[in-house]
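Take a look at the letters that make up each chain.
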Amino acid sequence: MKLLENKRKIRSLREFLYILPFLALVAIFSYYPLYGWFYAFFDYKPPFPLTWDRFVGFKWFQTMVANKVRVAQLLSVLRNTFAISGISLAFSWFPMIFAVFLNEIRSTGFKKFVQTVTTLPHFISWVLVYSIAFAVFSSTGAVNTVAISLGLYNEPKIFLASSEHIWFKMWLWLTWKNAGWAAIMYIAAIAAIDEELITAAKVDGASRMRIIWHITIPSLMPTYFVIVMLNLANFLSNGFEQFYVFQNAFNKEYIQVLDLYVYNLAMGNGGYSLSVAVSMFKSLVSVVLLCVTNGISKLVRGHGFI
Amino acid sequence: MRGPGKKAPRHKMKVSIGDRIINFITYVVYSFFAFVCVYPFYYIFINSISANNLSEKGKVLFWPKQIHFTNYANVLKIPALFNALKVSVARTVVGTVLTVLFSAFLGYMFTRETLWGRKFWYRFVVVTMYFNAGIIPWFITMMNLRLTNNFWGYIWPVVVQPFYVVLCKTYVESTPIELQEAAEIDGAGTLTIFFRIMLPVIKPILATIAIFAAVAQWNSFQDTLLLMTDSKLYTLQFVLYQYINQANSLRGLVNNASGTVDIAASLAKAQTATSIRMTVTIIVVTPIILVYPMFQRFFVKGIMIGAVKG
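Here the protein sequences come in this chain order: A and B.
Those letters in the first sequence? Residues 399 to 704, by the numbering used here.
Those letters in the second sequence? Residues 2 to 311, by the numbering used here.
Chain B on its own, in the form it takes in the complex (with noise of 0.2 Å):
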């Protein structure tokens, strides 16, 4: 039995020492962990706003020097880049909506006891999660059903999402099931109970699968590699990463179309390789970022939910 007699002060300074040193050392290697992670992004952000010929030649580090905005406009002037931020949108946006209806209908179809083969059919969904043809069949089959060079290719193969089935399915069914036998008894049907009563209750899950089927259409990438070669149907991913390994070439590209490179033009305005790079990456990071805030009220509850579930 130790009381509080003399000994007990002097252990607890030591424990405290102690607690000093530790909290000095996690503040410093977290501080480091973000720093880490934010820096970069500040860093081609303060490039792309800075005088061209500074940020070529790395003289840019922490604060931006010589603020224009002129290379966001002349970027935007590039009918390539313009063009894919079109289909990199319209991707996001048919992508999201269908993936959203498609998803909550399964799941609310699957929680429906007088669906004929629901047990069968819901397994037949869901195995797929755990199984992959491989990229080079998935190519074959999307050329054999002419969806190369073809906007829906984007779309058709990503709607219907397993893991999305099931998050809405277990929502579905966390909800009280008088909503629907009340509905029944006043005789609507599936589709009625569906679209006037689930889809407005199962909102937050809905919004979740949204945010994240967003992201993932957005930065797709690996699609527009293997079923692409129209460069009408280039994204914005791929035309990034076109650029960032033929950025030389694309310099004069923008130079004579935006029409800055006369004599007097200022050099700090002129488009360099680097300009170009930095301004292309903001511009497809930005959305990402934007709805990031929205992401953290989420994820931690999907991830949850998936974990009880997978």
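Isolated chain A (complex conformation) (with noise of 0.2 Å):
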């Protein structure tokens, strides 16, 4: 009985011994550079190591509220980062809806095709897109020789090289990216729908609409609800590589977001004591954004989310 007792000892060590070095993996990459939080604390220069004397404690904290400039800096970069995750909240219903009037499509040879071009663009890179962006919108581009031709204005107009409207735009190229495949997850819960509601209310003589309006729509909120509490808890996060590869000297003041604010910081010149206590400073809202909206999901859906 001992000798199988030890046996299964031996048998259950060595398991481990064979998931260590992804388990070591994962330390690596993923735990030790949270170590890396303490460099906000110092005056950090690469290439030399971090040595005590260059300790600062709280000083990168208190540059960001006391000295003039950075503090303007920081104001714009939070209002661009609200403004543009606000438009994403204001709009986020977007791909519900498409999902709903794709849904209403009685061809199925052209609902799929819809739903095949819409999703593609998910699966190209930031650079590819704004490759696209640059050879449909440049002063040589599609839309600026077609809008001349037709006589609609007669100099190329500036799309990218500008700031006008720089937050709606950078919507709509997010909308054109991720629209189709944020749309396939409310496309399986309308599948999920129970055909006989529909039929009972097609019975009783409701229109289109009226199925949608009191039928569709209501079963997908608990989808949309999610989705709403994920944008919120991710309010501050818009991600770097969109905002890094639109960005010019023409439209850098209201397209630098956080994320991307953090990495300007550390290559230019706040150095990276700063830019990590920034990062930090926002790590330490979205945690506490995250703790809010689990919350709100907890009262209002019995459940969270994490």
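Hints are not guaranteed to be accurate.
Said to hold, decoys possible - Cβ pair distances, simulated, as ranges:
#: 1; chain 1: B; residue 1: I22; chain 2: A; residue 2: S537; range: 46 to 52 Å
#: 2; chain 1: B; residue 1: F33; chain 2: A; residue 2: E594; range: 49 to 55 Å
#: 3; chain 1: A; residue 1: G549; chain 2: B; residue 2: Y43; range: 23 to 29 Å
#: 4; chain 1: B; residue 1: V29; chain 2: A; residue 2: A464; range: 55 to 61 Å
If you are wondering where the hints come from, they were derived from the structure by calculation, not from laboratory data.
By construction, the Cβ of each residue, glycine as well, lies at the ideal position given by its N, Cα and C atoms.
Hints given; two lone chains; assemble the complex.
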């Protein structure tokens, strides 16, 4: 009996040894970078190693709120972040409506075609999106050429190297890339609606719009609610790549969101330490947001999403 | 009680007119959405195969003019671009193979009741989905590990993905346990069961993960931006980004290298900033479009599993 027990123990340890290298990878690339947050309390200048005589305490956090130039910069970055996240939140119903009316199309062939081509942009990188934007909206691009030949205006309009409507344009690109993909979830939810419910409504003489309004949309609300909560939890995280590739000297003041600002600070004049301090501040607020939205979710649905 | 009297047919007529209006509007609107998603790709493609002096002036809008394919041959003659293609292919192949193997193995191991500390280590891996140290601490870590300007900097940080591990674990749990038990009675060890029995059985989920991992590797841009200063390690995405911003200076490079710019060479084939950009864009996007049909079969399923577990 004891022999069997020992054998089992040895095997259990051997199995642990098998996964140890992978656990090490997780530890190195996900847990170990957390120590980098210490840099926010030091005056770190790469490539010199971190030493205690460079310890500066909360200096960088004070800089964020004391130095007038930095405060102005941070405020404009927060303004951009709030504006872009706010627009996304305000239009977060779009993929749902997209899915609802896509479902109303009778021809399966056309429906499938639309779904296929609108989901495709989700799988290309932001660099490619930017390349497409450049091709279509540059001064000799398709949009300017067509508009000029139709006589809408005479001189090519500058779309990319300008800060005009930049927040809304960023939302448009985000939607172009992701709306079809985001709609898949709703399409699956619509397919799960009880067929009998709809038949019963039809027998009662309900029109299509009534069925959509009283059956389809209410049954999508739980999914939509989760999406809104996730949107709120990620309010400060707009992502980095989209804004990095679209930024230029003309729109920088209005396109710089927190994620991009953290990068620009570190690579530009701000230095690593200040950048880490800003990103820590962002992480702390994000954790609070996550807890709040999770709490709301618990109140409304009875369970959270973490 | 409304019987099938005279009112009913009229009522039905009314609905069908409303229906027709809705139909018409949805068709128009969704045709517009489809057009907006398809046309840019088509536009860039026809420009990349049209006469370069026309494409540069924006004269190619709906169909190609003076079709030629020399752009593709010429662009691939740029040494930096060909090298970037090799780097991109290498990281996609190596990264995908390792990600799939590691996810499958970890997913399987986390179903083994005998594994020491199974629940704890599973959580240890899965929790990492929910936090992120930020790009600068990550960058400093990579510097400390000597993974900057190092090909493996593209690979090691991303090969253990908690989400894929969860997918594999869920899938293994859905297979009949008798499979493993029977093999164990026959004397098969943990690793034999994994390679001989589990791997073939969980192929469908591995295919899904492979495609997701491959697209992520191919599309990756940020890691090159942060980690690599050695131009030998630049990926296609990164080179494309550079070309968009500085295609003018590149034009001379290509034309000199390919020798198409002696006086007799036709303007239609001399490289322009536009032709280089368009051609490279098509080269970068083609693999995605090629694997996309395979995706479609998988992604709805993949999302559903994720939704149940996430």
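Okay, the hints, checked on the actual structure:
1. B:I22 - A:S537: 46 to 52 Å: Violated: the Cβ-Cβ distance is about 40 Å, outside 46 to 52 Å.
2. B:F33 - A:E594: 49 to 55 Å: Once the Cβ atoms are compared, 34 Å apart, the range 49 to 55 Å for E594 of chain A and F33 of chain B is violated.
3. A:G549 - B:Y43: 23 to 29 Å: Given about 25 Å between the Cβ atoms, the range holds.
4. B:V29 - A:A464: 55 to 61 Å: holds (56 Å)
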